[in-house]
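Trainee: Residue numbers (numbering that gives the first Met the number 0), protein chains in the order written: chain V, 0 to 490; chain W, 0 to 336.
Derived from the structure by calculation, the hints contain no laboratory data.
Using N, Cα and C, we set each Cβ at its ideal position, and we do this for glycine too.
Ranges of calculated distance between the beta carbons of each label pair, as one might list FRET restraints:
| no. | chain 1 | residue 1 | chain 2 | residue 2 | range |
| --- | --- | --- | --- | --- | --- |
| 1 | W | E101 | V | D49 | 24 to 32 Å |
| 2 | W | R96 | V | D277 | 55 to 63 Å |
| 3 | W | Q158 | V | V127 | 52 to 60 Å |
| 4 | W | V63 | V | E79 | 28 to 36 Å |
| 5 | W | R240 | V | E417 | 35 to 43 Å |
| 6 | V | E23 | W | Q104 | 34 to 42 Å |
| 7 | W | G213 | V | R150 | 35 to 43 Å |
| 8 | V | R27 | W | P194 | 56 to 64 Å |
| 9 | V | D277 | W | R240 | 27 to 35 Å |
| 10 | W | L116 | V | D97 | 53 to 61 Å |
| 11 | W | R96 | V | D49 | 23 to 31 Å |
| 12 | W | D248 | V | E210 | 53 to 61 Å |
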Amino acid sequence: MFESLREGLTTAFKTLRGKARLSESNMRDGLKLVEDSLLEADVSYDVVRDFMERVTAKALGERVLNALDPSQQVVAIVHEELIGLLGEADPSLHLNKDVNIVMMCGLQGSGKTTTCGKLARLLLENDVRPMLVAADLQRPAAIEQLHVIGRQLGVSVYSESGATDPVAVCRNAVAKARAESCRVVVLDTAGRLAIDRELMDQLAHIDRQVEPDQCYLVVDGMTGQDAVNSAKAFNEALELNGVIMTKLDGDARGGALLSVRHVTGVPIKFIGTGEHLDALEPFRPEGMAGRILGLGDIVALANEAQRLVDEKERIEYERKLQEGDFTLEDFRDQLEKIARPGLIQRIVGFLPGMDAMRGMLDSEDAAGGMRRLAGIVNAMTRAERTRPRIIDAGRRNRIARGAGVEPREVSELIQQFEGMKTVVEGMAGKDMRSRMQAFKELQESGLMNPGAVIQKVKKGTGKRLTSHEKAKLRQQREKELRRRRREERRR
Amino acid sequence: MSWFRKKASEPPDPPSGGSAEGEPAESPPKRGFFGLFRQGLKRTSDLLRTDIRDLFTRRQGQLVDEWLDDLYAILIKTDMGAGPAKEIREHVRTEFRGRVVELEQLIDEVKAKFRSLLDQESTSIRLAETGPTVILVVGVNGSGKTTSIAKLAQYFRRQGKKVVLGAGDTFRAAAVEQLTIWAEREGAEIVTGPPQGDPASVAHRAVAAAVERGADICVIDTAGRLQTQANLMDQLRKIHRVIAKQIADAPHETLLVLDATAGQNGISQAAGFSDAANCTGIVLAKLDGTAKGGVIIPIRQRFRLPVKFVGVGEKSSDLAVFDPSAFVDGLFSGPSE
Ligand SMILES: Nc1nc2c(ncn2[C@@H]2O[C@H](COP(=O)(O)OP(=O)(O)OP(=O)(O)O)[C@@H](O)[C@H]2O)c(=O)[nH]1
Ligand SMILES: Nc1nc2c(ncn2[C@@H]2O[C@H](COP(=O)(O)OP(=O)(O)OP(=O)(O)O)[C@@H](O)[C@H]2O)c(=O)[nH]1
Ligand SMILES: [Mg+2]
Ligand SMILES: [Mg+2]
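Kindly generate the complete structure, drawing on both the sequences and the hints.
Mentor: Given below as structure tokens:
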């Protein structure tokens, strides 16, 4: 998971090859990489400095300096410290009363109202009846916004038109929830600046008068250095019980989470990964640590993959792969599984180094592209699917007509499949780590470029490779295959 | 990136004061835009302890490493990014190493550089020669688009202009209601579409209405989106195209609304939205908080995108024409009270 950091460190430490041991100054140079990465991820300066002090102290220990593979040791230290700082996952809402009050607070536009809806949805899924309360009397149409969300979910929303005192609204809402035996009351408060004394006092007042059981700070995942200031102020005005970070479906690294956690010390509960009300995920420190360092989240990928393919299918695929029986039909089945809007984008986001590609891989376009590829396979005969080698020019034209694509797209699909098959079969039976390694090599060799494929499929007239570029790519591919075979033999 | 291309001895730019240009004719006397800008920035004093003056008292005499580290910390905390901050630190290190310097003089120089960097283009809105001026407003979720449109509506209404708003956010819950309330408050007309309807069609109808009713200004709201969402960015392209088909050089402005609290992701936002919607300027919203909005500096360097307005509050009057001097001062100090 921390592979790319490790590579960076290895390069940084390279100068010492031949020398007896790693020097302190070498180590400091290497650690600068970690520092820069954290700053680029928007972790607050003071938090970074603190963090680096601890990491440096450990990394300069004799054991690390004298280690055979110091970069591995450093990675372990960074990892451990990050996870430690992010804290344990605790997605529980601690519902231990008849009526539990959960309050959302935060800066303007951070995602409070939407997150209220997401929590309500989560509660519904767990057969708990929530009630949403419109305590934002500030923003134009804030009450209406909550009502729309409530209607979408079929959840009751409490509001008072023309009200001016949010405390009164919350109190009345709690009384109503009690009467209607709603177990959770979710208070949507107005966005406010941490330095707006009047509004912060108002929030503290709600806190004292309504006594929420859980109070969550909602933080925008794109926040920069200011996160420490605002989180600190909110935590001082109220007693926070948790943090929810939103808008992590984009390319923000979310380093502010580290800052917020550092200054508040409260657990991170959930992360928001989309505008839809189902886009709320429990926080996982492992995944977040990788994201902040600019690496992917392999665990999440594995989980997602597991959700897609049930265990029986998985064993079957494994068997086929090991025996070299992986056919175009299997390929198509897999394509169809992942051709769901939104999914591909999420999966790609988990893969290290593929960040840049995420933009290209628009969920819907990609899903469309996948379906198109599946359509090509469907237009083949059984024999063609199991033995693509028999597909000659005539067959190719027929398939293309059947699938409504250009003949060259048929060839491209087959080439892709063959390339993938080699690698995928090489992965069979290996553990996650070596699979990721194989995948990375695949990526680097240019063999697999989903962005390009999908774009090509979609546009048809998109940018084509020049023959020179193609030849180069082919060469690379062949070189890669030779290398892989050599490696196989050596094992 | 090269921050110090010119020699460091160049005199600092004169403070530009309130920008006369673009200031509405009948803005209230005491709350000129410059004053408003300052007022927004002033609130930062409570919390911010990165005051450059602290540094002055602690450090004088020879330039030493600790001192450079302090400068670096201040720069980083503005959200300008580690790369640019490092560049400045290293420049200062080589230029002033071992010399007896006054920090104030040095900071002035850094400030002057920022000012000149931010000062190059006019911040005024490009108006159409004939017919309505069309302004498309884009940005990530919750950055402040709709509120900024309310502010623009007031800004133009005060100049006696007729304004039509297009409720192009057909996606988010109650987004249309929100803009409708603002339109009523500001005396602007509004064109809306059905929930989940095609935003390009709303934009089209809004522009058509503006032409038909002889409006001076037409501002189109769009749903918040992340720059990584290719399908939604394509939707923006389409909106842009539809508008351009109606009026040859429209939209006359495409404003990216950037949240001042945004960190390094702001750069990716500027890249993504410029690519899809050909942004012509930035509205830096929520500058009334403690965030410094320093990411506009690398954005300016990389994409030449000028900041046109800043948002300094939730009210529709809380808009100020961007003033590089005031902004740069805000970057470097929690203003004293
Ligand atoms: N992409 C994405 N957008 C989100 C997420 N959470 C919220 N949003 C969007 O962010 C914007 C602001 O969300 P709101 O829920 O209105 O934020 P708020 O904190 O209630 O805002 P105020 O009440 O004005 O302070 C809306 O466009 C939401 O759809 C998320 O996890 N991902
Ligand atoms: N303090 C402060 N708050 C602001 C400013 N501009 C906008 N806001 C607040 O930020 C929140 C979000 O503003 P909106 O205008 O709804 O943002 P948006 O970009 O239209 O949001 P979506 O349409 O959901 O993407 C609201 O609570 C606004 O009142 C500003 O300059 N200062
Ligand atoms: Mg809200
Ligand atoms: Mg809006």
